[in-house]
Amino acid sequence: MTGSTAVPQHPEFLWRNPEPKPSYDVVVVGGGGHGLATAYYLAKNHGITNVAVLEKGWLAGGNMARNTTIIRSNYLWDESSAIYEHSLKLWEGLEEDLGYPILFSQRGVLNLAHSLQDVRDSVRRVNANRLNGVDAEWVDAAGVKEICPIVNISPDVRYPVLGATYQPRGGIAKHDYVAWGFARRADELGIDLIQNCAVTGLDVIGGKVVGVRTTRGDIATGKVALAAAGHSSVLASMVGLRLPIQSHPLQALVSELLEPVHPTVVMSNAVHVYVSQAHKGELVMGAGIDSFNGYGQRGAFHIIERQMSAALELFPIFARAHLLRTWAGVVDTTPDASPIVGLTPIENLYLNCGWGTGGFKATPGVGWCFAHTVAHDKPHPYNAPFALERFTSGALVDEHGAAAVAH
Amino acid sequence: MQLISCPWCGPREEAEYHYGGQAHVAYPHDVGAMSDADWADYLFFRDNPRGPFAERWVHAAGCRRWFNAVRDTGTHEVLAVYRIGEPQPELGTQASR
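Quick mapping for you: the protein sequence lines, in order, are chains A and B. Residue numbers for the first sequence follow the working numbering, beginning at 22 and rising by one. Residue numbers for the second sequence follow the working numbering, beginning at -17 and rising by one.
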């Protein structure tokens, strides 16, 4: 098509692919959602633009490409709900801020309760959420059916649905578009996004990080911000830093494209499955982690099998849906199921990791807070409780189960 | 699905086992003298290498006995299995890609 009738073409490239410069003020290691958001907010909020984001593969090809895109902020503890709610508020203005469609859809999130203990924990969490200004309500089984008519609320199943917490402002977004939106803006602000650039070493002189060694040459830098999710332990070990992290495979899958049948997001901690329907029409489901440590980006089939049986009991209508694709990411789990964001014992080296199975929803929020931490050499109040020192001081933020998630 | 050899029962599929995390983490012997940092290290910090990793498994659906394995966390290949109390076998230290 030519002439004035042509529709605007999507640009071929949303960012440059520059050669790495010999030095930067800040090097962000990891070009996933968190790394890109951190770079963007370094430029936007703090005017720091001499920044490189180093990605060993392609941009947003790790967990950012593999998650199930669920966004919510209904965590139990004050510390968690503060940072996740900050993130959710940023999500609500992100499309406008980035000038890029991200298909953010606030279709609500249901966290099902299947036992009396689940019910008590859920109601407690709803009350805690409300005290923290997070939208939350408790709905009974009939209420669940009203919000999501395809859920099976029959009492004669192994794990009957007794009710659910409901966060109407929760939802999903298109993960790739989110990454591309952040990448495009960061690039426009002058940040170098460098792909196929694996970090092989960190140079420390006098207790201070001064450079990064990569497969594309050595780079001198004032500050290094690690945002490498499942591979954080490997990076930290380069400077002899031990992290309370175990890396596990986390699997997810999609069905073929179906007519819209699933209006919301349904999560069930007890039966280990969470389900939504993507804009394109595929059912997107996640499982719990595989038990063993693994960096192989694949997991065991019996996990998928268990997840499918749970999904089928909740959604009998899925019985004839075909599985299209399964995959796994490497998630960085911590002992208290809360992230680690802050300073390290090495000067000018900053750490963002430990988001485990729930990092996507935090993307804008942690980018904002981590950029603040790097820019000011001091944690933002929202990530101050998530310091590495908490494992020594004992001030854990225990979100196991409390967050209604299968961490 | 990983195929794991129980040192007593032989090769069985992964679903028969439960995972026990890093092997050879001894209970500290002088607990009264330990600092908070020592306790943090014992309670919360474990190795997390990409490559060979000595770890515990229990053959839950078989002989129900614990044993140790060295498994490459990059390739998920089991490199060695050995019984509790036996020393960790010497293996090449080359990490996987």
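Accuracy of the hints is not assured; some may be wrong.
[As the list claims (entries may be wrong)] Interface residues of chain A toward chain B, partial, derived using beta-carbon atoms under 7 Å:
| no. | residue |
| --- | --- |
| 1 | GLY261 |
| 2 | ARG263 |
| 3 | PHE313 |
| 4 | GLN318 |
| 5 | PHE322 |
| 6 | THR347 |
| 7 | ALA416 |
[Stated by the list, open to error] Sample of chain A residues at the chain B side, in silico, Cβ under 10 Å:
| no. | residue |
| --- | --- |
| 8 | GLN267 |
| 9 | ARG319 |
| 10 | PRO356 |
| 11 | PHE412 |
These aren't lab readings, by the way, just hints derived from the structure by calculation. The beta-carbon is built from N, C-alpha and C at its ideal position, and this holds for glycine as well.
Given a cut of 7 Å on the nearest C-beta pair, is the interface hint for A/ALA416 held or broken against chain B? violated, 11 Å
Does A/GLN267 hold up as a contact with chain B if the rule is Cβ-Cβ below 10 Å? Holds, because the Cβ-Cβ distance from A/GLN267 to chain B comes to roughly 5 Å (cut-off 10 Å).
Does the interface hint hold: is A/PRO356 within less than 10 Å of chain B, judged Cβ to Cβ? holds, 5 Å
Restraint outcome when A/ARG263 is required to lie within 7 Å of chain B by C-beta distance: A/ARG263 check passes; min Cβ-Cβ to chain B is 5 Å, inside 7 Å.
Hint check: 7 Å Cβ-Cβ cutoff, A/PHE322 to chain B: At 5 Å from the nearest chain B Cβ, A/PHE322 passes the 7 Å test, so the hint holds.
Does the interface hint hold: is A/PHE313 within less than 7 Å of chain B, judged Cβ to Cβ? holds, 5 Å
Hint status (Cβ of A/GLN318 to nearest Cβ of chain B, threshold 7 Å): Not OK, violated: A/GLN318 not within 7 Å of chain B, min 10 Å.
Chain B contact restraint for A/ARG319 - C-beta distance below 10 Å: holds, 7 Å
Under 7 Å, Cβ to Cβ, is where A/GLY261 needs to be relative to chain B, so tell me if that hint holds or is violated. Violated - the Cβ of A/GLY261 stays beyond 7 Å from chain B, reaching only about 13 Å at its closest.
May I ask you to test the interface hint for A/THR347 with respect to chain B, counting a Cβ-Cβ separation under 7 Å as satisfied? violated, 13 Å
Quick check on A/PHE412 please, does its C-beta sit within 10 Å of some C-beta on chain B? holds, 5 Å
This entry does not satisfy hints 1, 4, 6, 7, going by the numbered hints stated previously.
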